[in-house]
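Colleague: Sequence:
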Amino acid sequence: MSSWWQQIATTVASEFSDVPDVAQATRIVVRLGMAGLLGGLLGWEREHAGKAAGVRTHMLVAMGAALFVLVSQQAGIGPADNSRVLQGIIAGVGFLGAGTILKGDGENQVKGLTTAAGIWLTAAIGVAAGLGQEATAVLTTVLALVVLWAIPVIHLAVENRSQKTGPRR
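In case it helps, my numbering puts the sequence shown at residues 7 to 175.
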(Lines of atoms letter the chains of each structure in order from A and count residues from 1; the text may use other names and numbers.)
(Lines give C-alpha, C1' and ligand atoms only; values in the text may rest on other atoms or scores of the structure.)
Protein backbone atom coordinates (compact mmCIF):
# COMPACT_ATOMS: atom_id res chain seq x y z
CA MET A 1 0.00 0.00 0.00
CA SER A 2 2.86 2.43 0.76
CA SER A 3 4.22 1.79 -2.74
CA TRP A 4 0.88 2.94 -4.11
CA TRP A 5 1.00 6.22 -2.10
CA GLN A 6 4.63 6.74 -3.07
CA GLN A 7 3.71 6.42 -6.74
CA ILE A 8 0.92 9.00 -6.30
CA ALA A 9 3.31 11.37 -4.49
CA THR A 10 5.95 10.98 -7.20
CA THR A 11 3.38 11.61 -9.93
CA VAL A 12 2.04 14.73 -8.18
CA ALA A 13 5.58 16.02 -7.63
CA SER A 14 6.43 15.53 -11.30
CA GLU A 15 3.29 17.45 -12.28
CA PHE A 16 4.63 20.47 -10.40
CA SER A 17 8.13 20.19 -11.88
CA ASP A 18 7.65 23.22 -14.14
CA VAL A 19 8.85 25.38 -11.23
CA PRO A 20 12.21 23.79 -10.41
CA ASP A 21 13.50 26.36 -7.92
CA VAL A 22 12.71 29.47 -5.91
CA ALA A 23 14.22 31.76 -8.55
CA GLN A 24 11.80 30.48 -11.20
CA ALA A 25 8.85 30.75 -8.80
CA THR A 26 9.86 34.33 -8.00
CA ARG A 27 10.15 35.15 -11.70
CA ILE A 28 6.64 33.81 -12.33
CA VAL A 29 5.14 35.75 -9.42
CA VAL A 30 6.89 38.99 -10.40
CA ARG A 31 5.88 38.80 -14.06
CA LEU A 32 2.27 37.79 -13.44
CA GLY A 33 1.97 40.19 -10.50
CA MET A 34 3.36 43.07 -12.56
CA ALA A 35 0.98 42.28 -15.41
CA GLY A 36 -1.97 42.18 -13.02
CA LEU A 37 -0.97 45.41 -11.29
CA LEU A 38 -0.44 47.35 -14.51
CA GLY A 39 -3.60 45.97 -16.07
CA GLY A 40 -5.43 46.91 -12.88
CA LEU A 41 -4.22 50.51 -13.15
CA LEU A 42 -5.60 50.81 -16.66
CA GLY A 43 -8.78 49.06 -15.60
CA TRP A 44 -9.16 51.42 -12.66
CA GLU A 45 -9.00 54.39 -15.02
CA ARG A 46 -11.63 52.84 -17.30
CA GLU A 47 -13.85 51.95 -14.36
CA HIS A 48 -13.42 55.44 -12.91
CA ALA A 49 -14.53 56.81 -16.31
CA GLY A 50 -17.70 54.71 -16.03
CA LYS A 51 -16.79 52.12 -18.66
CA ALA A 52 -17.94 48.50 -18.50
CA ALA A 53 -14.51 46.88 -18.77
CA GLY A 54 -12.89 47.76 -15.47
CA VAL A 55 -10.27 46.61 -13.03
CA ARG A 56 -10.96 42.88 -13.06
CA THR A 57 -11.29 42.64 -16.84
CA HIS A 58 -8.03 44.48 -17.47
CA MET A 59 -6.19 42.53 -14.79
CA LEU A 60 -7.33 39.22 -16.24
CA VAL A 61 -6.44 40.23 -19.81
CA ALA A 62 -2.95 41.36 -18.77
CA MET A 63 -2.28 38.29 -16.64
CA GLY A 64 -3.66 35.95 -19.29
CA ALA A 65 -1.42 37.46 -21.97
CA ALA A 66 1.56 37.28 -19.62
CA LEU A 67 0.83 33.66 -18.79
CA PHE A 68 0.62 32.64 -22.46
CA VAL A 69 4.10 33.98 -23.23
CA LEU A 70 5.56 32.88 -19.90
CA VAL A 71 4.40 29.30 -20.31
CA SER A 72 5.63 29.18 -23.90
CA GLN A 73 9.05 30.37 -22.71
CA GLN A 74 9.08 27.73 -19.96
CA ALA A 75 8.21 25.07 -22.52
CA GLY A 76 11.31 26.02 -24.49
CA ILE A 77 9.56 27.61 -27.43
CA GLY A 78 11.99 29.77 -29.40
CA PRO A 79 11.42 33.33 -30.60
CA ALA A 80 10.19 32.27 -34.04
CA ASP A 81 7.54 29.97 -32.60
CA ASN A 82 6.73 32.46 -29.85
CA SER A 83 5.61 34.87 -32.57
CA ARG A 84 2.69 32.51 -33.25
CA VAL A 85 1.74 32.70 -29.58
CA LEU A 86 1.80 36.49 -29.86
CA GLN A 87 -0.33 36.40 -33.02
CA GLY A 88 -2.90 34.29 -31.20
CA ILE A 89 -3.01 36.71 -28.27
CA ILE A 90 -3.36 39.72 -30.55
CA ALA A 91 -6.19 38.15 -32.55
CA GLY A 92 -7.97 36.71 -29.52
CA VAL A 93 -7.90 39.94 -27.57
CA GLY A 94 -9.05 41.74 -30.70
CA PHE A 95 -12.23 39.68 -30.60
CA LEU A 96 -12.64 40.40 -26.91
CA GLY A 97 -12.26 44.13 -27.54
CA ALA A 98 -14.69 43.98 -30.44
CA GLY A 99 -17.34 42.89 -27.97
CA THR A 100 -17.06 46.26 -26.23
CA ILE A 101 -17.81 48.26 -29.38
CA LEU A 102 -21.41 49.35 -29.90
CA LYS A 103 -22.89 51.21 -32.85
CA GLY A 104 -25.85 53.44 -32.18
CA ASP A 105 -28.59 54.60 -34.50
CA GLY A 106 -27.06 57.97 -35.33
CA GLU A 107 -24.28 58.70 -37.79
CA ASN A 108 -21.46 59.23 -35.32
CA GLN A 109 -22.62 57.00 -32.50
CA VAL A 110 -19.92 54.41 -32.10
CA LYS A 111 -19.03 53.71 -28.49
CA GLY A 112 -16.42 51.52 -26.86
CA LEU A 113 -13.52 52.06 -29.26
CA THR A 114 -11.28 53.48 -26.54
CA THR A 115 -12.16 50.62 -24.20
CA ALA A 116 -11.44 48.09 -26.97
CA ALA A 117 -8.11 49.75 -27.71
CA GLY A 118 -7.36 49.82 -23.98
CA ILE A 119 -8.02 46.10 -23.64
CA TRP A 120 -5.77 45.44 -26.61
CA LEU A 121 -3.01 47.62 -25.12
CA THR A 122 -3.49 45.92 -21.74
CA ALA A 123 -2.79 42.58 -23.41
CA ALA A 124 0.37 44.03 -24.97
CA ILE A 125 1.47 45.27 -21.55
CA GLY A 126 0.80 41.78 -20.18
CA VAL A 127 2.91 40.27 -22.96
CA ALA A 128 5.77 42.65 -22.14
CA ALA A 129 5.60 41.74 -18.45
CA GLY A 130 5.37 38.03 -19.27
CA LEU A 131 8.48 38.26 -21.44
CA GLY A 132 10.39 39.90 -18.59
CA GLN A 133 10.27 43.38 -20.08
CA GLU A 134 8.85 44.95 -16.92
CA ALA A 135 10.35 48.41 -17.49
CA THR A 136 8.76 48.57 -20.94
CA ALA A 137 5.44 47.45 -19.46
CA VAL A 138 5.57 50.13 -16.75
CA LEU A 139 6.55 52.88 -19.21
CA THR A 140 3.76 51.89 -21.59
CA THR A 141 1.24 51.93 -18.74
CA VAL A 142 2.33 55.42 -17.71
CA LEU A 143 2.03 56.64 -21.30
CA ALA A 144 -1.39 55.02 -21.66
CA LEU A 145 -2.59 56.74 -18.48
CA VAL A 146 -1.32 60.05 -19.85
CA VAL A 147 -3.34 59.46 -23.02
CA LEU A 148 -6.46 58.47 -21.08
CA TRP A 149 -6.22 61.38 -18.59
CA ALA A 150 -4.50 64.22 -20.45
CA ILE A 151 -6.00 64.01 -23.91
CA PRO A 152 -9.62 64.50 -22.71
CA VAL A 153 -8.49 67.52 -20.65
CA ILE A 154 -6.65 69.02 -23.64
CA HIS A 155 -9.61 68.27 -25.92
CA LEU A 156 -12.00 70.02 -23.52
CA ALA A 157 -9.69 73.04 -23.21
CA VAL A 158 -9.49 73.37 -27.00
CA GLU A 159 -13.27 73.08 -27.33
CA ASN A 160 -13.84 75.72 -24.64
CA ARG A 161 -11.36 78.06 -26.28
CA SER A 162 -12.97 77.67 -29.71
CA GLN A 163 -16.43 78.32 -28.23
CA LYS A 164 -15.19 81.56 -26.62
CA THR A 165 -13.41 82.85 -29.71
CA GLY A 166 -15.96 81.65 -32.26
CA PRO A 167 -15.32 79.76 -35.48
CA ARG A 168 -12.13 80.46 -37.39
CA ARG A 169 -12.24 81.59 -40.98
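Calculated from the structure, these hints are not laboratory results.
Bear in mind that the values here come from a model prediction, so they are computed numbers and not experimental data.
Worth double-checking, as some hints may not be accurate.
What the hints assert, rightly or not - DSBU-like mimics (lysine-lysine), calculated; alpha carbons at most 35 Å apart, straight line: (1) 57 to 117; (2) 170 to 57; (3) 117 to 170.
Colleague: Provide an ascending list of the numbers of those earlier hints which the structure does not satisfy.
Modeller: none
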